[in-house]
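Chemist: Protein chains in written order, with this note's numbering: chain A, 1 to 234; chain B, 1 to 109; chain C, 1 to 304.
Accuracy of the hints is not assured; some may be wrong.
Unchecked claim - If you anchor each label on the Cβ, the simulated ranges turn out as follows:
(1) Arg57/B with Glu184/C: 28 to 38 Å
(2) Leu285/C with Arg57/B: 27 to 37 Å
(3) Lys302/C with Arg19/A: 27 to 37 Å
(4) Leu162/A with Ile278/C: 47 to 57 Å
Derived by calculation from the structure, the hints in this document are not laboratory data.
Cβ coordinates follow ideal geometry from the N, Cα and C atoms, glycine included.
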Amino acid sequence: MNWEQLVKELFPEGHSVNRAGEMLRGEGKVNGATVAVIGTTDHAYIGVELALALAGEILNVIRSFPKRPILFLADTRGQRLSRRDELLGINVYLAHLSSSFALARSRRHRVIGLAYDEAVSGGFLAGGMMAEITVALPEVHVRVMDTTAMARVMRIPIERMLELERNSPVFATEAGSLHQLGGIAEIWNGNLAEHLQKVLVSPPEAVDTRAEKGYARGGRLYAAPVISRVCKHA
Amino acid sequence: MEHLEFDFPASTDSSRQTPARRDSVLVGVVSSGNLEVLVEQASLAGGCRVIVDTSIRGYGAIWQAVLADFVKRYRPRDVQVSINDAGASPAVVSLRLDQAYEDFQGDAA
Amino acid sequence: MTSADISTVRRSYYEATGRQRIAALLDRDSFHEWIGPRERVTSPHLKLFDVPVSFDDGVIVGRGTLDGKRVFIVAQEGGFMGGSVGEVHGAKITGVLRRALIDRPHGVLLLLESGGVRLHEANAGLIAVSEILHALLALRAAGIPVAALIGGAYGCFGGMSIVAHCCNAIVISELGRIGLSGPEVIETVAGVEEFDSRDLALVWRTVGGKSRYLLGDASRLVPDDIPAFRAAASAALLLSRALDLENLERDHECLAVRLNFYGDCKDAEEIWSRMGIISSRQVALLDEAELVELAQSLPNRKVI
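Using the sequences plus the hints, can you model the full thing?
Modeler: Set out below in structure tokens:
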């Protein structure tokens, strides 16, 4: 689904979302209230400029619109792989983006991350996954790294890599696998506007429950018990 | 990966029995050509058990020889040694075993 | 027993294992490990690849004291799978950070040495890093200081480099490296013309400790010496870095200025030149004390 169709379905009451390069921004109405919309499109590579621009949008909302909900639409191929971005400190820019999300949440903005096409590694990590709740459309692919590159770095044959992607939720790239692992809270099928409304009226999640969800869904059986054990140790 | 277990019964040579100072000791890192060795107190009727998980298959006999040598040197009593190995040479294995056990024994050795 | 007796012994941080670093950084015998090797909580995913596990899954966590003050500590073991973050490894770190929110120690020390997400655990590793980031930012919001220490052979890359910059401060040595994508990964994907990962001088100019320090991305540059790391870590825990709008807007401005001033630089030497460093070629030859002095003379250097 492209971004235009996406925002149309999310905001039947109307929206003003537009694109500026690979960035999306604007507002949408849900039950009469305004939701800030920020995001990326065209499977954007997140480089220093885009990371800064996205952070800037979040800071604008925090500064000018107290407690306004923020919906982050993520379609990204991950961080830009370039020497220039490394030289300028892309990790600092992504940390700044992550911090902006965290500030928004601490200032009681509802923050929802929605992965809608491609959601890869660093870009998705710093952005979409820093929301209070991360959701995905059913057709989304989430990746740590491009399959071929991953096989090369791990030094395993590409056939083996593809076999792992087919057979294991730890390697599979469909949204359902991330859901099973607890990384995605909900998969949004059907009426997107209804899903969004429902989240906005539900109480905010004060703590990160992804490990618990991963355990309950059987996808990650170790994370929650280990976290719990560290907390209870002498 | 290969999983190996070795049991060395209690030695009758009581003159080298020294009380262990620590509950457990860990030395080494599981990096290529290296291994980690965990030495723990255990109830083994005076014997020593060694459990090895190694990434290189087919060296059971070499492990047997290196471990038998270690046991002969130190006569460890009621000790379990657990190893995660990433292809260390016999010399490195021996070195780590010695380091771990001497640390385990402390000044009592 | 204080640290006075070990402070005179020069110990390389680079050469030390994670356990050795903890032992030498904290007050003697004060370290108490959580989920130590005897508990054998190892990775459930590695058997798929026929590779060995490590009893602590490559990360040592626990509590101790630093100059008598209670701290929590995490040390990643670079030697095990490059310090990469898998399900268990990540959960141990997240556990420490969540516990710190409850127990409110004087501070938390993160000895980071990691390639980022453990590819052998893919999605589980990615979510694990995200959980670490969430928990860390909750500590920032609560005003509990966290200092990142970087100086090991494997550097600090991937999602863990984002974690590092969300801490109150970064202490780095000349041998340390911090970046998002490792030079080898960039070379694998984008070619050697983009980044020749075997050109070590280029690697260190781009992601090395001195460069990061000059850019303002690390607040302290120390020699490769554990006592020096210890002193810097102690001081770093006193640096406040509130997660508030004023600070983030200030950071935002600095990051925008950086792109304006240096966005078209082809290499670190060009950046240093524009910073006003007369002999940028000499930067590689300065020791860290000389470099710190030089950095302090630069009017535009701001720590982010």
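Chemist: Holds or violated: 47 to 57 Å for the Cβ distance of leucine 162/A and isoleucine 278/C?
Modeler: For isoleucine 278/C against leucine 162/A, whose Cβ atoms are near 54 Å apart, the range 47 to 57 Å holds.
Chemist: Can you tell me whether the CB distance of leucine 285/C to arginine 57/B sits inside 27 to 37 Å?
Modeler: Given about 49 Å between the Cβ atoms, the range is violated.
Chemist: Using the C-beta atoms of lysine 302/C and arginine 19/A, is the stated range 27 to 37 Å upheld?
Modeler: 33 Å, holds
Chemist: Do arginine 57/B and glutamate 184/C keep their Cβ atoms within the hinted range of 28 to 38 Å?
Modeler: Given range 28 to 38 Å: holds, Cβ gap about 29 Å.
The structure shown violates just one earlier hint, number 2.
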